[in-house]
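4 protein chains.
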Amino acid sequence: MKEFSLKIRVYYEDTDAEGVVYYGNYFKFIERGRTEMFRKIGLNQSQMGREDVYFVVHSLSSNFISSAKLDDEIEVRTIISELDLTSLTFKQNIIFGDRKIFNATVKIVCVKKENGVFKPIKIPTFITEKV
Amino acid sequence: MKEFSLKIRVYYEDTDAEGVVYYGNYFKFIERGRTEMFRKIGLNQSQMGREDVYFVVHSLSSNFISSAKLDDEIEVRTIISELDLTSLTFKQNIIFGDRKIFNATVKIVCVKKENGVFKPIKIPTFITEKV
Amino acid sequence: MKEFSLKIRVYYEDTDAEGVVYYGNYFKFIERGRTEMFRKIGLNQSQMGREDVYFVVHSLSSNFISSAKLDDEIEVRTIISELDLTSLTFKQNIIFGDRKIFNATVKIVCVKKENGVFKPIKIPTFITEKV
Amino acid sequence: MKEFSLKIRVYYEDTDAEGVVYYGNYFKFIERGRTEMFRKIGLNQSQMGREDVYFVVHSLSSNFISSAKLDDEIEVRTIISELDLTSLTFKQNIIFGDRKIFNATVKIVCVKKENGVFKPIKIPTFITEKV
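Chains as they are written, first to last, in our numbering: chain A, 276 to 406; chain B, 276 to 406; chain C, 276 to 406; chain D, 276 to 406.
Warning: the hint list may mix true and false statements.
Copies of the same chain look alike in the list, so a pair counts if it fits in one copy or across any two.
[As the list claims (entries may be wrong)] With a cut-off of at most 27 Å between alpha-carbon atoms, the simulated BS3-like pairs for lysine-lysine come out as follows: (1) Lys388 / Lys315; (2) Lys397 / Lys282; (3) Lys375 / Lys388; (4) Lys405 / Lys344; (5) Lys277 / Lys394.
Hints in this document: simulated from the structure, not taken from any laboratory.
Excised from the complex, chain A in its bound form:
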């Protein structure tokens, strides 16, 4: 799938006492981006969960270039950069106005639950044929 765009409004809940978005909340924003990209191509996480197929974040790296503030409408741009047997890698940027304020590379792994512990599995074909 090509780049997917999601608009997000910054609310008080997202900001902190420095007056800008709390650094940990950018990870909420990009997770919404990945979730809505999945939904767009017909992949619903709660439905996948009922079939014991989950994705968990394996690793990430990110740069905080500038800050979003209360009431800003930011845009999360998401693209899948790599597809392996058990994992997917996303490149994600957050844009405000004409500036990139944040970027991240996020690798997620497909898992099932076994006695309450996540075990990596091959990504099912109903997913790979869509991404």
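Please build the complex by placing chains B, C and D on the supplied structure of chain A, with the hints as guidance.
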């Protein structure tokens, strides 16, 4: 059980762009108070969950009297004010220095999960004999 | 202003280990509802902040009737029920499908900052003439 | 300063519908670790803010090795690995039992506010002589 006290430090994550604790986060603080009170009397929520016994919040009312700020060490004081067949009611105050900054009355209901939906149940005696 | 409606999607960030929305997060949802209602009538909170006019929550009461889950699209319905010299009161409902799952009455007070402390002020007419 | 350890309890607020800690919340935990390390050596962020000295996260990379769950008591271990003219780099691990479940490298930059925008500054000596 008599009043239970829990000290909590305010971090950046708890504050918002108004420079004080975000109003919704006081409900996190008082839930920590209820959880630690339970732990103190030998009630562990994850263990209760494995036996399909949960508590969910039924209703609450609260007053935001003053504001906590970054780095403040606040104190959550919790007391059980009512015990019914299926519910518990807590009175909770948050103190900073010598001032009450927040209070709440919170009623929680004992439930089990039935096809993914919570159903009220009688509070098991292993709980009522402890609270 | 008449009732204002805001659609909100439930993400992983909103849920907890009971499998449903964490009780404290409903207060984020209804704050988004109040913020977007304000924006709709031309009131922008970050702009108000630059003029040293803020609203802080004074008190609230709420009922948790049923639970929202991952991927649910819920609707926050907001109406102003009372306007006083220094405060506004909102009635807010959260709807999923054809069911009310949450309601709240929230009183907010208009303040300015004085030496880092909030002081109640008369709601400015540029606000009262719009709500 | 040598390695600093902080114990943290996992509450419902930290978990999500997968039954484990939400990935974005590990960044809250490690920020508490950095904050308490600073406090230990006499650096108080709210006091620094009053002198217009802030730290903002510049970049980070992290690995999610295993999951923390409700009621787990985890330990955040923090060490400063690099000190530059304007930045500090931390190595941070989260341990549960005898297992490392998360690690991160976090670079923070010292800034002041200029017209609401953060500008990098040399780390003041009252800080460098302590870390």
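>> One pair to classify: Lys405 and Lys344, alpha carbons no more than 27 Å apart. Within, between, both, or neither?
In response: between (35 Å within a copy, 25 Å between copies)
> Between Lys375 and Lys388, at a C-alpha cutoff of 27 Å, which is it: within one copy, between copies, both, or neither?
Replying inline: Classified as between: cross-chain Cα gap 20 Å, same-chain 37 Å, threshold 27 Å.
> Between the shortest in-copy and the shortest cross-copy C-alpha distance, which are at most 27 Å for Lys388 and Lys315: within, between, both, or neither?
Replying inline: Result: close within a single copy only, 25 Å intra versus 31 Å inter.
>> Treating 27 Å as the Cα threshold, decide for Lys397 and Lys282: within, between, both or neither.
In response: neither (32 Å within a copy, 35 Å between copies)
> Quick one: Lys277 to Lys394, C-alpha cut-off 27 Å, is that within a copy, between copies, both, or neither?
Replying inline: neither (29 Å within a copy, 36 Å between copies)
Hints 2, 5 from the earlier list are contradicted by this structure; the remaining hints agree with it.
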